[in-house]
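Here the structure of chain A is known, so what remains is to put chain B in place on it, guided by the hints.
Each chain, letter by letter, is given below.
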Amino acid sequence: MLRLVPRTPPSRALTLAAPLIALALTVVLGAILFRILGQPPGRALALFFLEPLRGADAWSELAVKATPLALVALGLCVCFRANVWNIGAEGQYIVGALGATWVAMRATDTTSTFAILPAIAIVGALAGAAWAAIVAFLRDRWNANEILVSLMLVYVAEMLLGYLTYGPWKDPDGYNFPQTIQFLPVTQVPLLAEGHRAHVGLFVAIAAAVIAWLFLFRTYGGFQLAVGGQAPRAARYAGFSARRSLWTALLTSGALSGLAGAIEVTGPLGQLTPHLPVGYGFTGIIVAFVGRLHPIGVLLSSILMSMLYIGGELAQSRLGLPQALSGVFQGLLLFTLLACDALANYKILSVAPKRIERAVA
Amino acid sequence: MGGLALMIAASVNAGTVLALAGLGLLVNERAGVLNLGAEGMMLMGALAGYATALSIHAPGVGMLAGYLAGAAAGAAMAALFGWLAIGIGTNQYATGLALSLFGVGFSAFAGAGLVDKQLPERARDGIPMLRDLPVVGPALFGYHPLVYGAVLLAAGLAWFFFRSRSGLLLRAVGESPESAHALGHRVRLIRLGAVVFGGAMCGLAGAYVSLAYTHLWVENLIAGRGWIALALTTFATWRPARVLLGAYLFGGLTMLQFHLQERGVQIESHLLGMIPYAATVVVLVLISRRAAWIRHNMPASLGRIFRPGT
Chain A
77 MLRLVPRTPP
87 SRALTLAAPL
97 IALALTVVLG
107 AILFRILGQP
117 PGRALALFFL
127 EPLRGADAWS
137 ELAVKATPLA
147 LVALGLCVCF
157 RANVWNIGAE
167 GQYIVGALGA
177 TWVAMRATDT
187 TSTFAILPAI
197 AIVGALAGAA
207 WAAIVAFLRD
217 RWNANEILVS
227 LMLVYVAEML
237 LGYLTYGPWK
247 DPDGYNFPQT
257 IQFLPVTQVP
267 LLAEGHRAHV
277 GLFVAIAAAV
287 IAWLFLFRTY
297 GGFQLAVGGQ
307 APRAARYAGF
317 SARRSLWTAL
327 LTSGALSGLA
337 GAIEVTGPLG
347 QLTPHLPVGY
357 GFTGIIVAFV
367 GRLHPIGVLL
377 SSILMSMLYI
387 GGELAQSRLG
397 LPQALSGVFQ
407 GLLLFTLLAC
417 DALANYKILS
427 VAPKRIERAV
437 A
Chain B
2 MGGLALMIAA
12 SVNAGTVLAL
22 AGLGLLVNER
32 AGVLNLGAEG
42 MMLMGALAGY
52 ATALSIHAPG
62 VGMLAGYLAG
72 AAAGAAMAAL
82 FGWLAIGIGT
92 NQYATGLALS
102 LFGVGFSAFA
112 GAGLVDKQLP
122 ERARDGIPML
132 RDLPVVGPAL
142 FGYHPLVYGA
152 VLLAAGLAWF
162 FFRSRSGLLL
172 RAVGESPESA
182 HALGHRVRLI
192 RLGAVVFGGA
202 MCGLAGAYVS
212 LAYTHLWVEN
222 LIAGRGWIAL
232 ALTTFATWRP
242 ARVLLGAYLF
252 GGLTMLQFHL
262 QERGVQIESH
272 LLGMIPYAAT
282 VVVLVLISRR
292 AAWIRHNMPA
302 SLGRIFRPGT
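Chains as they are written, first to last, in my numbering: chain A, 77 to 437; chain B, 2 to 311.
Check before you lean on any hint, since a few could be wrong.
Said to hold, decoys possible - Examples of chain B residues lying across from chain A (beta carbon under 8 Å, computed):
hint : residue
1    : G106
2    : Q267
3    : H271
4    : G274
5    : Y278
Treat the hints as calculated values from the structure; they're not laboratory data. Built from N, CA and C at the ideal position, the CB exists for glycine as well.
Isolated chain A (complex conformation):
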C-alpha cells in the first residue's frame, strides 16, 4: 500500500527542480503524441525546443512573445500569492489594448513620441486595472466569486473588442475589414534593433519583474499580502486587511495585463483587430505557476512558454499541424508540474497494511 506523507518543510530542491522535471515529462509525452500523429518525434520536437533559439530573428521573436506573457504573469504572481484567483487576465489585456488604441488613434503628425508613448502605457494600464477593479469591487462589496466574475468579463471584453472593431472604430478606408486605422509611426513602441520586431517592452517587463520582486519580498505590503494568502487566520489575527490585499492584487494584475495589451497593440500589431487576443492571459497563468510565483522565475518561464508558442507556429507552417498544438503542450506542462509539485510537498512511502486495519476491513 502506498501512502503520501507530508514533508515538513517541503523539499526546497524538489520545489525548484519541479519545473525542469515537468518540462522533461512534457517533452516525453510530446514525443509520444508526435509518434501517434505519424510525425518523426525528433524533428517535431526540434521545432519547439531548438528552432526558436536559432539566430537573431528567432531571439527577437522569442522576446516579442515573452514580453506580454511576463507582464501578465507577474501580475498573476501577486494575485495567486494573495490567494486571489484572477483568471480573467485575458480580458484585462484586451481592455488595456482598447484603452491604448483610444489614445493612439488620437495621435496626429505633430504629436510628440515622448508624450504619446507614456500616455498609451498609462491609459492601457489604467483601463486594465479598471476592468480588474470590477472583479475586486464585486468580490469586496458582495462576495461574488472572483474566478467566475473575472472569467465572464473575458467574454464581455471580447465582445466589446468585436463591437468596436466592427463598429465605431472601423477604418473608413479599410475595405470594410474589421480593423482600426494603422497607427501613426509616432505611437510605435521603439524597436531594439532595426529590422527585428523585438521592442523596448522587453525592458518594461524586466523592470516590472524587479519592482514585483521588491514589492513581494522587501515591503511590508507584500508581506501582508503573502500572509493573507497562505494563512488568512494569522493575517486576520495580525490585523492585516484582507480587503486591501484583494484590491492590491487585482489592481496590480489588471494594470500589468492592461500594459501588456497596450504594448502589444501599439508595438508588434500597429492597429487593433479582432485577432488581438491569442491567449496570453490564460497562458500567463501557466507561466506564473511554472515560474514558482516568483518574478525571476516568471521571466524564465515566459521565455519557455514563448518557445512553445513559436513552436506551434512552426509546426503549422512546416508540418501542417494545427497551431493549437502549443496549447496542448502548455496544458501538459501545467499538469506535470502540479504532479511534480505534489511530490515536492509529500513523499510516497510504501506501508505494509497493519494488522488492525486488516481486522477492521
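Positioned in the frame of chain A, the structure of chain B alone reads:
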C-alpha cells in the same frame, strides 16, 4: 401563442446544455470537490462525440455511440483530475484550470480536421403525433431525448441526495470528510466516483452541443458554457431542481439576443452577445450578496484537500 411556445422550446434546448453539465458538477461539489475543468471536459466530450458519430455510418447507432463517447471522454478527463487532485492532493483550483486549458488546446488541435465535415441530417426530435399538437406540441413534446433525460436526472438526483442512504453518505463526505473517514467510509474513492460522474455528464453535455444543438464542430465550440454551468451550481445553492430551473432561465437569456434581432431591435450583435456573460455576473452578485445564506448551503469542505490520517 405559437411564438411563445417556440421561444420556450429554444430556451429549454439551450438550457439543457447547462443543465446536464451543472447537474453533473453538482454531484462532485456535493462530495466536496470543485472541478474548474468543466469547460475542458465539455469541449473534449463535444469533440469525441462528433468524431465518433462521423466515423460510424449507421445514423442512429452513430449518434448513440457519439453520446457514449462524449460521456467517456468527459469521464476520462475527470479521472485524470481526480487522480491528481484527490489521489496525490494537488490544488483543486489549479488542477481544474489545467484541465480546462488542456481541453481547450487539445480539442482545437485534435478537432482541426473536423471543422468542415458535416454530420448526416438529423431525424426530427420529439414524440410522434404529440409533437404536432398546437402550442403544447413544440413546448412540451418536441424535444431531443436528452432534454427529457436532464429533467429525469434532476429528479433522480433530488431523490438520491435527500432520500437515499448513499446520497446521505455522499453529502457527508462533502460536509465533513473527517467524520465520514472516521466512520470507516472511503472518502477519496467516493469523491473520485463523484468527480468521474460529473465529468461524464459534462462530456455528455458537450456531445449534446456538437451532435444536436449546433450540429457542427468548431474550435472552442462550448464558448464559456462550462463556466456558466459552474456558476449555476452556486446560483442554485447546490439543489438539483434549482439547477434545472436556472439552466432554463439562462437558456432563455442566450436566446434573448436572437429574439431581439428577429424583432428588428437595433442593437449591435456583439453587444447582444454580452448578455449571457453579463447576466451570469449580475446573478452571481445577487446570490452572493447573502454571504451567510451561501455559506449555509455550500458543502462545507468544498475545494479542500482531504488526506486520511493527517
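Each hint tested on the structure:
{"no.": "1", "hint": "G106", "verdict": "2 Å, holds"}
{"no.": "2", "hint": "Q267", "verdict": "12 Å, violated"}
{"no.": "3", "hint": "H271", "verdict": "4 Å, holds"}
{"no.": "4", "hint": "G274", "verdict": "5 Å, holds"}
{"no.": "5", "hint": "Y278", "verdict": "4 Å, holds"}
When each numbered hint is compared with the structure, a violation occurs for hint 2 only.
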